[in-house]
Amino acid sequence: MSDATLTKGRLRAAVDREQNLLEVDNLSVTFARKGSRPVHAVDGVSFEVRPGQVVGIVGESGSGKSVTSLAVMGLLPSRGVTTTGQIRYRGTDLLGAGAKTLNDLRGREIAMVFQDPMSSLNPVVPVGVQVTEVLLRHSDVSRAEAKAEAEELLRRCGIPDPRRRLKEYPHQMSGGMRQRALIAIALACKPALLICDEPTTALDVTIQAQVLELLKELVADLDTAMIMITHDLGVVAGLCDFVNVMYSGRVVESASRQELFAHPRHRYTEGLLASIPRLDSPRGEPLRPIRGTPRDVISWSQACAFAPRCDHADDACATPDLALLVDGPGDHRMRCVHPAPLPGAEPDPPADVTGGAKR
Amino acid sequence: MSGDGNLLEVTGLQVHFPIKQGIVFDRTVGHVRAVDGVDLSVARGQTYGLVGESGCGKSTLGRALLRLEEPTAGSVIFDGVDVRALKPEPLRQLRRRMQMVFQDPLSSLNPRQSVESLLVEPLSVHGLSAQDAEEYGRDSAKAHLAKAAAMLEVVGLPRSALSRYPHEFSGGQRQRIGIARAMVLNPDLVIADEPVSALDVSVQAQVINLLEDLQELLGLTYLVIAHDLAVVRHISDTVGVMYLGRLVEEAPSDDLYERPLHPYTIALMSAIPIPDPEVEDHRERILLRGDLPSPANPPSGCRFHTRCPYRQPTRCDTEVPELRVIPTLGEGRRVACHWAEEIAAGTVGVADPDLVVEPVR
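These protein sequences, in sequence, are chains A and B.
Mapping to numbering that gives the first Met the number 0: the first sequence position 114 is 113, numbers consecutive.
Mapping to numbering that gives the first Met the number 0: the second sequence position 211 is 210, numbers consecutive.
For reference, chain B alone in the conformation it holds in the complex (with noise of 0.2 Å):
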């Protein structure tokens, strides 16, 4: 399995929530599909960006991998180990090589934990890497030790910090610590979930550029999650859209820009501001009409069609599209839209002109 790229392989993945009623007997009176049926394939070495706005299950999807929640279906393959098979006890050692980046540093780390508790905490629970092991000696406190002050230096945080606590840093720092604590097992795979949304905007860049020197300095792959589409396509090999449970679109990141196929994709792409008054005002840009429906009661056909601007009036709501292969349109990307080719040819354009702002000059 590992001889063919892909570190992690996912099939029709899903992730219901029960909701419960009642106060004696508990009845199921639905479920919220958060996840629902997603396929992706993320290869050695590479960095998969999954994007989608707040309520698409991006970060549940992240959760799922790990099994921090439970999928209900689906399969995720670990470099050929079924994830979701294990016991107990090989997934607790299998979690050494699948760690997790958390949006919020500030709550994802301990308060009354010093640093040097917080990096010293996952080795003791795992041991140290057996790369480490050989340059740091056997499992011990002292080894534990030096490693964690290595990793602290790794991320640009000075050997000083390790007896600080959480609150003394300031946001970048912390996201630092969090960077830290993730990589100092050695693993193979980290998900990255908002890694630096919560931070200012002269930091973000400085967070994003330690994660890319983290992967060639560790030979990381990396499933980044996050809402911002310009952060994910500067960090990721491929690019995978979510809308409401279901992947919409995915393709090679430059491809996703140059062209985007997915009519979700496309209004996504024009919503995000460019910091560059030229562009802004030369563009067309494409509004979407409402918010997104409830994943609990999610549309029929396809998802996207309540608010689509390109929807036609027959297939759109009737039919779920497969997430496929659009050989003339690029290698490496899927859409699920029935009507990719018609859009990317033009023959489908946005029947409401209420939805298409005019560049202003």
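Isolated chain A (complex conformation) (with noise of 0.2 Å):
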């Protein structure tokens, strides 16, 4: 598809959809600053969305997740950042285009929901204004027109009152409310993909369900493509078709959510996993954590980036640069020496003996 395509017209071209969305292809984001040694927060990060897709990111803080939706976005800066591969939306080339071409995709193409909504709104300006702003930029509607439908928006995004809401200042509402602006922004176009970086993190528990079931509403009435960011794992399982899990600046394991979480592979994952008090596991069984902080890394160059915090490292992890084999039905994939077994492969229980006892 050419540039003219996905730049002209009123709305978003329709979407093929045998074609992958977007394509990452080994996407790697290094800083670098004079004097200090450069660091990679994304080290060849591949992965795609499919039209209408659900796709989670999940890491922990310096994993490199957010770093990976600011390079689709565009939205790193230009000094002092070298970005290489490829991010194809639909067929063009985002690393490689120009200032035009991105302004035309985002906000109308791809549209981005921020995590902290107060300072992701602007503070001088009324929420109605930051609404409109969008749907004039992209669309040949009139002011009273784009006025009109940013109420809808925002009624439909679930702010009660909005004719009201749409002449306020961010600070007038509160962190849910606010939220749901931002969503009623980045959908205002009804872009082909959206990305969401940790959207609910800053909110409370029961906001969070609000603004989840608004997203997964949203999203399914829109046919849009969604890529979630989150560090929450609970969020993941409730959310998303296919979950990329990065450690490091590297996709450790991805797999559709089910297997994800019904076959952890890798031992990070594991560890995520059994680290996590749950609501519903019974009380006293003590979590098994993972030892030493996220920081504790070595580089993928030299050795597997966890090894020095997993249980189960021997001089083997120390491979270079591991692959990203593909393991086990629905795509799974992982990057690991010492996988943790399938339930299948077990040695299976002494069960037999009791029963011969018995008899």
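I should point out that these hints are in silico values taken from the structure, not numbers from a laboratory.
All values reported here derive from a predicted model rather than from experimental measurement.
For every residue, glycine included, the Cβ atom is placed at its ideal position computed from N, Cα and C.
Hints are not guaranteed to be accurate.
As the list claims (entries may be wrong) - Computed from the model, here is a short list of chain B residues facing chain A with C-beta under 8 Å:
#1 Ala197
#2 Val200
#3 Arg232
#4 Glu279
#5 Leu287
Claimed, not checked - DEER-style ranges, computed between Cβ atoms:
#6 B:Ser196 - A:Arg36: 29 to 39 Å
#7 A:Ala273 - B:Tyr164: 27 to 37 Å
#8 B:Arg282 - A:Arg87: 35 to 45 Å
#9 A:Asp295 - B:Ser139: 33 to 43 Å
#10 A:Asp222 - B:Glu283: 22 to 32 Å
#11 B:Arg83 - A:Pro281: 37 to 47 Å
Need the complex rebuilt from these two chains, each delivered in its own frame; the hints are there to steer you.
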């Protein structure tokens, strides 16, 4: 698909269901400052998003998940940052695209919801103006039409009394309300791809449930694909079709959500699942934390970055640049020398012996 | 008093903050009722978990118990001593027995103090506890340093950390220092305000386990304040759920999960995502409408009635529900809802079907 079809016309072009919407191929982002060692924030990440699919990127702070999303949006600063690889949105390489192409794409084709609704809304501009701005920029509507549409958008996003709210400033709204306004802005032009970077982390659980439910509904209604970036495995479990787990700048495991939670193979994913207290787990069961901190890493070019924290690490883990191998059904991939065993591969419990004894 | 097994008894505790207006006269135009009549008791050696959303008054309550925030009414009895009646000097002496672990270790540790200085400071203020004096000798710089180093080892940091500064540590390690600082005096009661919420997921479990180990080792009583019900349920014996300055439900932690009685607890429970797609797809969830009302002007009657999915036409908006014991619904449980029995029996349901999210498949 050429640039022209992407950037012209009032609404986004119809989505080809057979084609991948977004293909991130071997993306690397390196921050380099004079006098200090370069930091590989993202180190060869590849994933794809199909139309209408919800893809999760899970990781702790410093795993490179937010930098990945900023790279896709073209929002990384140009100084001191080296971005390599390819990000293809419906065939167009976004990394090579000029500012004009990106400006036409952002907001209309690809939109983003940021973590902190207070700092991502402009505090001195009424919310209504911030919503209509997107509509006026990307579609040929009059101011009055845009205003009516903005009101409808806010209502759709569950903001009561939207006409009054349009005139209000961000500080007059609660956190949940602001996040809804941000979602309204992101969805104003019915984008084909929505990137959510920790959209509910700053919110209370009951508000988080409301916002997630809203996102789920809107994404299904508009047939929008979504990239959900979060550290919360619970959010991923209820929402995503496909999950990528990141550690130290690389995807260490990726699988469909059912497969990932049922058979985590990478030791990091396994450790993460064992270390979070679950609301429905029996009490008194001690948590099994991962030792160390996310900062205890080695470079991937020397060994598995998780090896210093892994209980199963041995000399074999010192393989440089471990490959992300296909392993198991549903495109399950992982990057581990000593993966967790599948349930079938475990030695059978001595059930037959007791059965025999009874007889 | 100490014989009945409760280390801490709180009755009718209120913390109201005045809202001032005007330049010359500085009139008080109203009050933020941050904590508005809370009764609770914490048994010796147990963990009481206090859970609620931001703005419900849980942190203010924790601070008021130590008189870091002056309560406006009610009583706090700590091991038979009325904390509110204490003069400054006896209060200072009592503080060695009740300590606090704060949420954000970066802002609660002085960046210009070394770890040694941070850990020795409480000891030079209060002196070694009687028990430690036997082990380390009389109060002296040397004894204090020995105790500080020993404490550091207990929380899992090397002795070499003593000469370093807070910024040199990771979040989890800083929280360990914060915990060591609270425990170095051998307190009886430790109030932990959001001890893990600033930490990375994989590190949270380390700190939770550390808190549990220390409780066993030092025979501590905890009051853990957190917004994450899963964390609170994991470490607490008893859980109290707060909403807008009041306790709405209190129950042994397993019972609370098995069978939440108050509509707010039910909604809170169903809002917490569980990292298991099977469970997520098959459970019914109840959403709350709207946001937390302002604690300066709380709703009449039951404070939850503006958002309650089970709201009934009578009583809810006029009558304040008492936190009452319902013997038929299990032992040791208190709930502040007029319709708790009916909701538990299923005769009162969610009125608005939009608020119920049916299982996906």
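Verification of the hints:
no.: 1; hint: Ala197; result: violated (11 Å)
no.: 2; hint: Val200; result: holds (6 Å)
no.: 3; hint: Arg232; result: holds (6 Å)
no.: 4; hint: Glu279; result: holds (4 Å)
no.: 5; hint: Leu287; result: holds (5 Å)
no.: 6; hint: B:Ser196 - A:Arg36: 29 to 39 Å; result: holds (32 Å)
no.: 7; hint: A:Ala273 - B:Tyr164: 27 to 37 Å; result: holds (33 Å)
no.: 8; hint: B:Arg282 - A:Arg87: 35 to 45 Å; result: holds (38 Å)
no.: 9; hint: A:Asp295 - B:Ser139: 33 to 43 Å; result: holds (37 Å)
no.: 10; hint: A:Asp222 - B:Glu283: 22 to 32 Å; result: holds (26 Å)
no.: 11; hint: B:Arg83 - A:Pro281: 37 to 47 Å; result: holds (40 Å)
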